[in-house]
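**Student:** Residue numbers (our numbering), protein chains in the order written: chain A, 1 to 519; chain B, 1 to 316.
In case anyone wonders, no lab produced these hints; they're calculated from the structure.
Because the structure is a prediction, the values reported are computed rather than measured.
Incorrect hints may have been included.
[As the list claims (entries may be wrong)] Cross-link-like lysine-lysine pairs, in silico, PhoX-like; alpha carbons within 25 Å at most: (1) Lys221/B to Lys127/A; (2) Lys84/B to Lys198/A; (3) Lys182/A to Lys221/B.
[Unchecked claim] Now the stretches of chain B that chain A is said to cover, found in silico as 3 or more residues with beta-carbon under 8 Å: (4) 3-13; (5) 96-103; (6) 208-220; (7) 253-264.
Glycine included, every Cβ here is placed at the ideal spot set by N, Cα and C.
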Amino acid sequence: MIVTTARLALLTLILALGVAAPAVAQLAGTLVVGLVAEPVNLDPAQVTDLNSNRVGRRIAETLVTFPEESTQIVPGLAESWVVSKDGLRYAFKLRKGVSFHDGTPLDAEAVKFSIDRQINPEHPFNKLGKYPFANFFFGNIKAVEVVDPLTVEFVLKEPRASFLAVLTAGAASIVSPTAVRKYGQDYALTPVGTGPFKYASWDRGQRVVLEKNPSYWRFPLKLDRIIYRPIVEDQARLTELLTGALDLIVGTPPDYVGQLEANPKVTLLKQVGAHVWYLGINNQKKPYDDKRVRQALNYAVNKDAIVRDVLKGTGSLSVGPVLPKTWGADGGLKPYPYDPERAKKLLAEAGYPGGFTTTLWVPESGSGMQSPVAMSTVIQSNLKAVGVNVSLQTMEWGAYLAKLRSKEQELFALSWMAGTEDPDMVMYPLLHSSQWTPNGPNRALYKNEKFDEILHQARLTTDEKKRADLYRQAQRILVDDAPWIFIDHEIQTAAHAKRVQGFKLHPSFDLRIETISQR
Amino acid sequence: MRRYLARRLLLLVPVLAGVSIVIFMVLHLSPGDPVEIMLGSQATQEDRARLRADLGLDQPLHVQYVRWLGHVVRGDLGRSLWMKRPVLAEVLGRFKATLILTGTALVLSTVVGIALGVASASRPHSVLDRTSTVASLFGASMPSFWLGIVLMVVFALRLGWLPASGMYAPYGGGDLRDLLAHLVLPAVTLAAASVTIVARLTRAAMLETLSQDYIRTARAKGMVERRVVLRHGLKNALIPIVTVIGVQAGYLLGGAVLTETVFAWPGVGTLMVQGILARDFPLVQGCVLVVALSFVLVNLAVDLLYAWLDPRIRYE
């Protein structure tokens, strides 16, 4: 009987293994994507996380959008637009003949409805959701007016040249008013838009399934179905890709990059994103109110080593907040070189020949934070080499953000995902003095009147060339003022099976799988 | 018996109330604010204040607790802050997957653990006994997330025998065979530590029982050894074993959190991790409440099992 029990156990195990042998028969036209976490909610106006955004943008679209490889503005659901001379009125002509997945035609009313439900507390559907970024994105909108069925006009409270970039945000997606009325609070679970794919089903914790929109207005689709699977564990996601159970994964951890590059079964993609990772300095606190000290810190940190050894090449050196090689970037600027001697000299000039002691706050993790603790540890040892003794304090993300509003910070690690290359979307919030925390995200408490004025002028100027000139001036001021230690722009990674064709990573961090075909 | 059962079931109320207060306090007093986490670094002060008021988080803690409790007694666990979905439906929807995983792991650890323990005790210091001692030490000291990843690399990545994650194939599957294939790795991972504990305890309990006089008598009567070990030995050693299995059931429910995360198993564990990371108070409270309830019920079942195993035990 003992023997029987043991045998039984063994038999169970063999049986269990026998049922195994995973059947990875690929279904033509179906793409399986591994996400790092489950989408939370698919109402674009309520989305706050990248995974939901990456799925939701397949379903609902915006008036203006980005082309394949950049974040310049191109027509989306609006085929053209006119901006009034004073920069206060934006009139959009909508594309004719586009309809939502439920058959509702796309018209000016739908556009008005999509924005009004977020910004107008009196709107009948305002109370059905929480619109976290309504103020950040749309606080400047006075009214949305229906001119005729295919023309809609946005009236602004004050001019803002980056308004078109604002309208590329996920929250500015146009949703089917019929569906919102029908589903109410549950619209977030049954989203309806005009996008290349329509929502099909969602098994919690397992998969979100989208199906092809056969009458998509932009181009015919080659995929029939996308299945998104949330797989939190890196090794599991990687294994599923290598065994053929997944076609595409995003967010490969730096340590796996080499392994994937060497693997003949998969293709690894890299693309620098509209993101910036910086080490903020409290510009108002001693000794950081002295520009020479801030510059010294920039010379002291070995950014190359961080990108090479910690990020394994998944970062591109930064010279400031603006993404290099975009229209607003100043191509003539060079990152601060690694020069500890120069750093020591500057510190001595500023009156700190023996260095000083300071604290560096670091979140354990957070959206867009790459490898915050490892990166900060390198920075800590670099600074120690020039006499600056840094004590590292790691915190949980939410607690960290709250603590930064105390204005007690000395040094702090932070990042920003603008998702667009428009310099206004990163420079203004992070560095204009009107945006000092807690009113805005300028947590370095940086203030330079000339810089402020240039940014303000750039908002009033609609001519892109003139704006670019202004932003270049602003960037030169920043490099000299060194309000942060400039570190890197994240290089996003994705890996896919060889049979996947036609996929490109996008600088906005979107995951545009509608361009994919399978071999 | 019936009165005992009623009393035990009534005791559930204070136990669950205690659990809910503890979890409420731990969540609200630990650093991290759902509003900060949801809105990230881009939010404005007004956005934060508005969302905090919308979610009722601007109220004092005791007001929030009483309000939550008021809903719970009416069977409403609230809506998840993040997902905006009703918590009860969400948790129950995930509970089935957790039950399948922990149930399988429990059966696995009971069957394999008792078999190993009995075999070791009936031939103490044999090769089998020594091997199982070493294996137990190994099994008990391996963290499950590590073991899970090792098993995944070996059986999914290298050998390609088993799928690496999830509960069903993304498409085409959905039958029992598909489920079993996906169940093997997480169930073995989850059961590993419990198997060793059950095996060690069974061995100790059996050794003690087998040294009793009545066993010698049974052998002297010429009874077959297998019958001596199982009928006279195991049956009398079962009480401590059942106790430990009951404890293991609770341990497995808790351990499922890690295992589910490693293997993307769509149970309450993955949901709870998601909830904790987002400081989604109603969601985490709902998950903990359901897990605590099942733990208490398992313990009750174990207590009732004693009477069946040993007729001398009676409940008043």
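**Student:** Against each hint, give a clear statement of whether it holds in the structure.
**Tutor:** Taking the hints in turn, this is what the structure says about them:
| no. | hint | verdict |
| --- | --- | --- |
| 1 | Lys221/B to Lys127/A | 82 Å, violated |
| 2 | Lys84/B to Lys198/A | 21 Å, holds |
| 3 | Lys182/A to Lys221/B | 80 Å, violated |
| 4 | 3-13 | violated (count 0) |
| 5 | 96-103 | violated (count 1) |
| 6 | 208-220 | violated (count 0) |
| 7 | 253-264 | holds (count 4) |
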